[in-house]
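Chemist: Sequence lines, in order, name chains A and B. Numbers in the working numbering are just positions in the first sequence, counted from 1, shifted up by 3. Numbers in the working numbering are just positions in the second sequence, counted from 1, shifted up by 1.
Among the hints, erroneous ones may be present.
What the hints assert, rightly or not - One side of the interface only, derived from the structure: several residues of chain B facing chain A at Cβ under 8 Å:
no. : residue
1   : A16
2   : L78
3   : I185
4   : N248
5   : I294
6   : A302
7   : G347
8   : L354
9   : F404
10  : L407
Stated by the list, open to error - Derived DMTMM-like pairs (lysine to aspartate or glutamate); straight-line CA-CA distance at most 20 Å:
no. : chain 1 : residue 1 : chain 2 : residue 2
11  : A       : K360      : B       : E244
12  : B       : K25       : A       : E275
13  : B       : K75       : B       : E17
14  : A       : K163      : B       : E17
15  : A       : K454      : B       : D241
16  : A       : K129      : A       : E66
17  : B       : K113      : B       : E195
18  : B       : K25       : A       : E356
19  : A       : K454      : B       : E17
Hints are computed from structural coordinates only; laboratory data are not their basis. Using N, Cα and C, we set each Cβ at its ideal position, and we do this for glycine too.
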Amino acid sequence: MNLILVTFIILLAFTSYYFGRKKALVIQSSQRLTALPKFYGYYLAAWCAAPALIIFALWSVFEPSIVKTFILQDYTDQNLTKNELQLIYTKVKALAAGTYTGNITNFLDESANKYIQLKGIANSAKVAIILAILIFSLSFAYRSVQKNDRMREPVEIFLKWVLFVASLGAVLVTIGIVFSLLFEAIRFFQAVKIFDFIFGTHWYPAKTFVRDGQPDPELMKDAFGAVPLFAGTFFIAFIAMCVAIPIGLLSGIYLSEYAGRGVRKYAKPIIEILAGIPTVVYGFFAALTVGPFVKEIGNAMGLEVSAESALAAGAVMGVMIIPFISSLSDDVMTAVPQNLRDGSYAMGATKSETVKKVIFPAALPGIVGSILLAVSRAVGETMIVVMASGLAANLTMNPLESTSTITAQIVVILIGDQQFGDPKTQSAFALGISLFIVTLLLNVIALSVVKKYREKYE
Amino acid sequence: MNSFKKNLLKKRYNAERRFQWYGKIAIGLALSFLAVFMFQIFSKGYSAFQKTWIVTEVHYDKELLLIDAESPSKDDLENADYYDVAYKAMTSLDPGLPEEEDRQLIQMVSYKYEAEVKDLLLKNPDYLGKIVPIKLTASDDVDQVHKGNYPRDIPEKNRRVNDYQLQIYDMLNERGDILSEFNISFFTSPDSREAELAGIASSFMGTVFSILVCLAFSFPVAVLAAIYLEEFAPKNKFTDFIEVNINNLAAVPSIVFGLLGLGVLLAVFNLPRSTPLVGGITLSLMTLPTIIIAARASLKAVPPSIREAALAMGASNMQTTMHHTVPLSMPGTLSGTIIGLAQALGETAPLILIGMVAFVNTIPGTPVDPAASLPVQIYIWSESAERGFVEKVSACIMVLLAFLILMNLAAQIVRHKFEKKWS
Numbered sequence: 004m005n006l007i008l009v010t011f012i013i014l015l016a017f018t019s020y021y022f023g024r025k026k027a028l029v030i031q032s033s034q035r036l037t038a039l040p041k042f043y044g045y046y047l048a049a050w051c052a053a054p055a056l057i058i059f060a061l062w063s064v065f066e067p068s069i070v071k072t073f074i075l076q077d078y079t080d081q082n083l084t085k086n087e088l089q090l091i092y093t094k095v096k097a098l099a100a101g102t103y104t105g106n107i108t109n110f111l112d113e114s115a116n117k118y119i120q121l122k123g124i125a126n127s128a129k130v131a132i133i134l135a136i137l138i139f140s141l142s143f144a145y146r147s148v149q150k151n152d153r154m155r156e157p158v159e160i161f162l163k164w165v166l167f168v169a170s171l172g173a174v175l176v177t178i179g180i181v182f183s184l185l186f187e188a189i190r191f192f193q194a195v196k197i198f199d200f201i202f203g204t205h206w207y208p209a210k211t212f213v214r215d216g217q218p219d220p221e222l223m224k225d226a227f228g229a230v231p232l233f234a235g236t237f238f239i240a241f242i243a244m245c246v247a248i249p250i251g252l253l254s255g256i257y258l259s260e261y262a263g264r265g266v267r268k269y270a271k272p273i274i275e276i277l278a279g280i281p282t283v284v285y286g287f288f289a290a291l292t293v294g295p296f297v298k299e300i301g302n303a304m305g306l307e308v309s310a311e312s313a314l315a316a317g318a319v320m321g322v323m324i325i326p327f328i329s330s331l332s333d334d335v336m337t338a339v340p341q342n343l344r345d346g347s348y349a350m351g352a353t354k355s356e357t358v359k360k361v362i363f364p365a366a367l368p369g370i371v372g373s374i375l376l377a378v379s380r381a382v383g384e385t386m387i388v389v390m391a392s393g394l395a396a397n398l399t400m401n402p403l404e405s406t407s408t409i410t411a412q413i414v415v416i417l418i419g420d421q422q423f424g425d426p427k428t429q430s431a432f433a434l435g436i437s438l439f440i441v442t443l444l445l446n447v448i449a450l451s452v453v454k455k456y457r458e459k460y461e
Numbered sequence: 002m003n004s005f006k007k008n009l010l011k012k013r014y015n016a017e018r019r020f021q022w023y024g025k026i027a028i029g030l031a032l033s034f035l036a037v038f039m040f041q042i043f044s045k046g047y048s049a050f051q052k053t054w055i056v057t058e059v060h061y062d063k064e065l066l067l068i069d070a071e072s073p074s075k076d077d078l079e080n081a082d083y084y085d086v087a088y089k090a091m092t093s094l095d096p097g098l099p100e101e102e103d104r105q106l107i108q109m110v111s112y113k114y115e116a117e118v119k120d121l122l123l124k125n126p127d128y129l130g131k132i133v134p135i136k137l138t139a140s141d142d143v144d145q146v147h148k149g150n151y152p153r154d155i156p157e158k159n160r161r162v163n164d165y166q167l168q169i170y171d172m173l174n175e176r177g178d179i180l181s182e183f184n185i186s187f188f189t190s191p192d193s194r195e196a197e198l199a200g201i202a203s204s205f206m207g208t209v210f211s212i213l214v215c216l217a218f219s220f221p222v223a224v225l226a227a228i229y230l231e232e233f234a235p236k237n238k239f240t241d242f243i244e245v246n247i248n249n250l251a252a253v254p255s256i257v258f259g260l261l262g263l264g265v266l267l268a269v270f271n272l273p274r275s276t277p278l279v280g281g282i283t284l285s286l287m288t289l290p291t292i293i294i295a296a297r298a299s300l301k302a303v304p305p306s307i308r309e310a311a312l313a314m315g316a317s318n319m320q321t322t323m324h325h326t327v328p329l330s331m332p333g334t335l336s337g338t339i340i341g342l343a344q345a346l347g348e349t350a351p352l353i354l355i356g357m358v359a360f361v362n363t364i365p366g367t368p369v370d371p372a373a374s375l376p377v378q379i380y381i382w383s384e385s386a387e388r389g390f391v392e393k394v395s396a397c398i399m400v401l402l403a404f405l406i407l408m409n410l411a412a413q414i415v416r417h418k419f420e421k422k423w424s
């Protein structure tokens, strides 16, 4: 039904484009046109499609909730909770669609009939309203075409609005992220105190799972302490940076200061391949090759090493991050003005002394910015940790043991079927919002540092 | 020059040389990581492109097939009972084996061997009543032994292939009845719990659909947004806000987009779970900022003289943009889009959250059928304990990497071939 309606509107818009253009050619014989003939077509088509589609979209968004209120009106006197009402509504919908398999009470049957009836009314009302709007807007537009009004300006203003709305898309996504995370997280913090979440040292959400009933609040208090996850996340990120910073920075310095044009031309893109490899591939590599390798070495040295050690996951993550640091620091150091170098050489400094004492300090803000960006990548990285590091949240600072991270826990909690309304599921959203805040902060700081640095040399 | 100064100079030159070496070593390390990595994947994965068959003889005995008709129709063949025929085909490899040990022989081929016996007869109806050679898919354990990936010298009770089966394998191998051919079914069959039957067709189609959906949603919105921001947006607080927003969105971890897909697309809009439609929309939200940034950069690279010339000829701002600036910026925008899509192609975490990890053993035909995607398939297989899946994972990675290389090459070609050089 909806598809037919939308297709109809779009087809009508196309026809009105051709109709408008033809009309313009007719007008041309008697008076001077105000714009190219195609603008007459665009004008009609825009007036045809835009109002109808906007109304259609609004209707589709609001119809379900209005129908729901009407149906649940019959149940207001029964003092039901929100969840029970939701359940009833789902049952009614399933019954109306003929997919309900439970036992059917009279009341449900009545509601289902009412639902079908309401849907029918809503559908015909929708079609009627949209047809009316089509007729109204088309006749309005046609009248101004007949009057030979100015055509180009309205069309261009309309296009500009379309462009503006598209640019709101990105804002909409951000709003969507914040609200979807906040919505579930707030419900989570109603069940678990925010203090217990931020400062608790024990993460064991599976413990709260109770069949048919509310979990024990005492248990909840001890199950959702996120400190082990925060610690694990930053610990693995720290290991990754221990690998990535020296290698990345030294490669960046070599590429910008020493390497000839040929080396630079080939080495830089090849190193950047490391950043293009999907993270799931790194995860497989870490789990299957690096993990056992680290374990073997550790065992040979007489150390107790878990097969899923933080070291393996962190090291592989570090390799992934090398190009972020090397490319960014290369760019930053290349941007340092040549006269600083020349000044240093003129004083008799060697190249490495120039790098260490002049260029590196000058480029430091940019380098710090690139490192912060890399840290934010490491904190948000998921698949490597899910596959190569442990899934149990241990509070440990031993790189040979297994730890878990925020991202890994989100995946563990949400893999498979989820039950919304369960504190365990909601805890994933609480973790998500803490991750979002941390990465956002890192990025804002990094970008402002880099920006300040750029301004300094431009 | 006194010796002190000489020593100092020597020291400084040594430090210089050492520093250069550090840089060389760092680059060497980064490159060798890449080399080791590629070597590991290829050395583990190339064998997955070979499939092992066991050749035996099958007797299409009418009596055992329970076919009564003189000249059976296609339906008769379709409905015949192939159990005994297929069973006999395998047990004939070692007629002396007592009946209760037969399972050991049956376990050497895939569990779908009965269907393979049936398919051969359906394809060649004139085989009815004859004894013909047939090739059956070897089980993944035999497959791994044949490829040499499975150690034969560990104690029998720790081995999934027992001594008797090894003996039969050696006999067949000597007779030349173990065949190794290019593994077409890896590309044409969907996922399976059995490593020897598992293929990437379902996840491949899932990836293709998600990428198409992603392109359909992100490309138009991103290009329009970039045009607005670069050409029409007034310099004010709100425009700044949008710009900051886009920059920050580009750095949000991918898993957060998965949470968005779960919390909004599935829970609020009730879109179908586990489908490429939802996966594609989620990925499109992620690629949106990437494409916007690329499109803006390439709009900015169009020299102002083009705009001025168009305006001087009396074109309106909108006409200048749509007829001149945007077409000239398209090569850069397109190559940015391809790179954004290549990033989306490798994403796993958001797709896991919206349920694209479900086990799917059919090939999806539309974007609203449940499906996996290539990276998710890698994840699913790598969580399997069976040995046969290790090479499958590596092979799947090779396919994924090949895809990424192709896309990046395409981006390069678009950029270098079609981009105008302004100088």
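Chemist: Could you tell me which of the hints above the structure violates, numbers in ascending order?
Modeler: 2, 3, 5, 6, 9, 10, 11, 13, 14 and 19
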